[in-house]
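A.B. asks: The primary structure of each chain is shown beneath.
Number of protein chains: 4
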Amino acid sequence: MAYKHLVQYYETDRMKITHHSNYIRFMEEARSDFLRHIGWGYEEFERRGILSPVVHVECDYRKTTTYADVIEVDIIVEEMKGVRLKLGYIMRVWEDVVCEAKSAHCFLDEDGRLMNVKKQLPEFYVELQRHRREALE
Amino acid sequence: MAYKHLVQYYETDRMKITHHSNYIRFMEEARSDFLRHIGWGYEEFERRGILSPVVHVECDYRKTTTYADVIEVDIIVEEMKGVRLKLGYIMRVWEDVVCEAKSAHCFLDEDGRLMNVKKQLPEFYVELQRHRREALE
Amino acid sequence: MAYKHLVQYYETDRMKITHHSNYIRFMEEARSDFLRHIGWGYEEFERRGILSPVVHVECDYRKTTTYADVIEVDIIVEEMKGVRLKLGYIMRVWEDVVCEAKSAHCFLDEDGRLMNVKKQLPEFYVELQRHRREALE
Amino acid sequence: MAYKHLVQYYETDRMKITHHSNYIRFMEEARSDFLRHIGWGYEEFERRGILSPVVHVECDYRKTTTYADVIEVDIIVEEMKGVRLKLGYIMRVWEDVVCEAKSAHCFLDEDGRLMNVKKQLPEFYVELQRHRREALE
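Residue numbers (numbering that gives the first Met the number 0), protein chains in the order written: chain A, 0 to 136; chain B, 0 to 136; chain C, 0 to 136; chain D, 0 to 136.
Misleading hints may appear alongside valid ones.
Lysine-lysine pairs mimicking DSSO-like chemistry, simulated, CA-CA at most 30 Å apart [stated by the list, open to error]:
no.: 1; chain 1: D; residue 1: K15; chain 2: C; residue 2: K3
no.: 2; chain 1: D; residue 1: K3; chain 2: B; residue 2: K101
no.: 3; chain 1: B; residue 1: K62; chain 2: C; residue 2: K118
Derived from the structure by calculation, the hints contain no laboratory data. Since the structure is predicted, the reported quantities are computational estimates derived from the model, not experimental observations.
Next comes chain A alone, as it looks inside the complex (with noise of 0.2 Å):
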């Protein structure tokens, strides 16, 4: 069920590896594919006027990658607390962790006031929920 990315000749470097900047958009690829799959698409978002900024994100590169590749991508739910979630990444390509990362993310009403998820979202936060580390474990 993870995401997967093939690496593209355009995403390596002169080091002859995947250009770390790439896997910024792995994330995001992988996230929304996770969005789409919970019925939380970003056109979901668009439609309610609801904007989510990303405010943090890491990555700890743990081997290179590179061209044709497959990276798969676990995602998931690490917190939903108060107006921010945060969301953890494991990149493998075959049995190998290539990268551990996580996101933090807001989310922004109409007039561009954070939104507490748990009160305003209540359908997104019980999908969230479903979707936590300790409800998967």
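Start from chain A and add chains B, C and D according to the hints.
C.D. replies: The following block gives chains B, C and D in isolation, referenced to the frame of chain A:
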């Protein structure tokens, strides 16, 4: 007076050269700089509710470039006729031509209709004429 | 059998459409897929010490696309004559043609010399002929 | 003395802001500029057969930026201990901090072994010490 782009590491690929797709972006950088220079930056078009999609691009790659090269981009108005603006680009590293390129653009008013630049944006038209190949020779 | 690309959020721009430079990358994705498919992936060229720089690209943008669109790319061999391979691309979303494109490529041996594909890579030449426009019609 | 990056149109996304992945690239631009400045550009490492992969990045996004903003990036050596170099970045538009970031790097010799920078690259180590936070305060 040419626009200068310093090639970044993330713009190279595993062939150890600047990835060819990036030249399309250098064209946009130079175009953006040129339009701002003649008083018609994208901000000005946005302020008037005008969109300007790219309708054509082409690049002939003459020599490879790589990390830390400074690419100088000269831009010229090839033609401004009816609804279409055609631009030409020559990119050089030192004296060597590394890429020759062209792009074409149209302009859409707030209702998404094609604009006749000479009639509807006469001040812009005049500026473009001053940067035509003939005018510069 | 067309190659499919799902447009990502990071591929859009503030005009809310897929940035035009990305189509050059979709061309590479489709080409990479096509070459692998006919048994001549980039890995095969790298293994033989052959480099294959892109010498020309051009795109005609017909309609805009945006986040979450699936772009189908059909690729065809336009010509394989002497040292130059010319490819054609048609990109569609549903039935609409969104972009028509061309690219040209050459092949350099380990000493950086231009290769005559018919003579020096005859098996590759035969595969390419089988995917020429005429052969497919 | 900060490194300056002018945000390009292709760096924005459909939220009309600079896409968050690009800040990782601005970090590389500033780092590349800083290293060149202290006499240790990537070219110098490549010449010695030394590779320097990024092992960690993190970004806290404080405010959004967009097309035509000039982002000033200040870079500082947080720590150079054993095999790991840690850098800190503050990015500002005018006086506003828009992003705070960190990165970590290691150095691999020609045989792919981790290098102890203090012992194996003492001149580089000395330069780094001169740009540590403490030294600058």
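A.B. asks: Against this structure, judge whether each hint is valid.
C.D. replies: Hint-by-hint comparison with the structure:
no., hint, verdict
1, D/K15 - C/K3, "26 Å, holds"
2, D/K3 - B/K101, "28 Å, holds"
3, B/K62 - C/K118, "25 Å, holds"
The structure agrees with every numbered hint stated previously.
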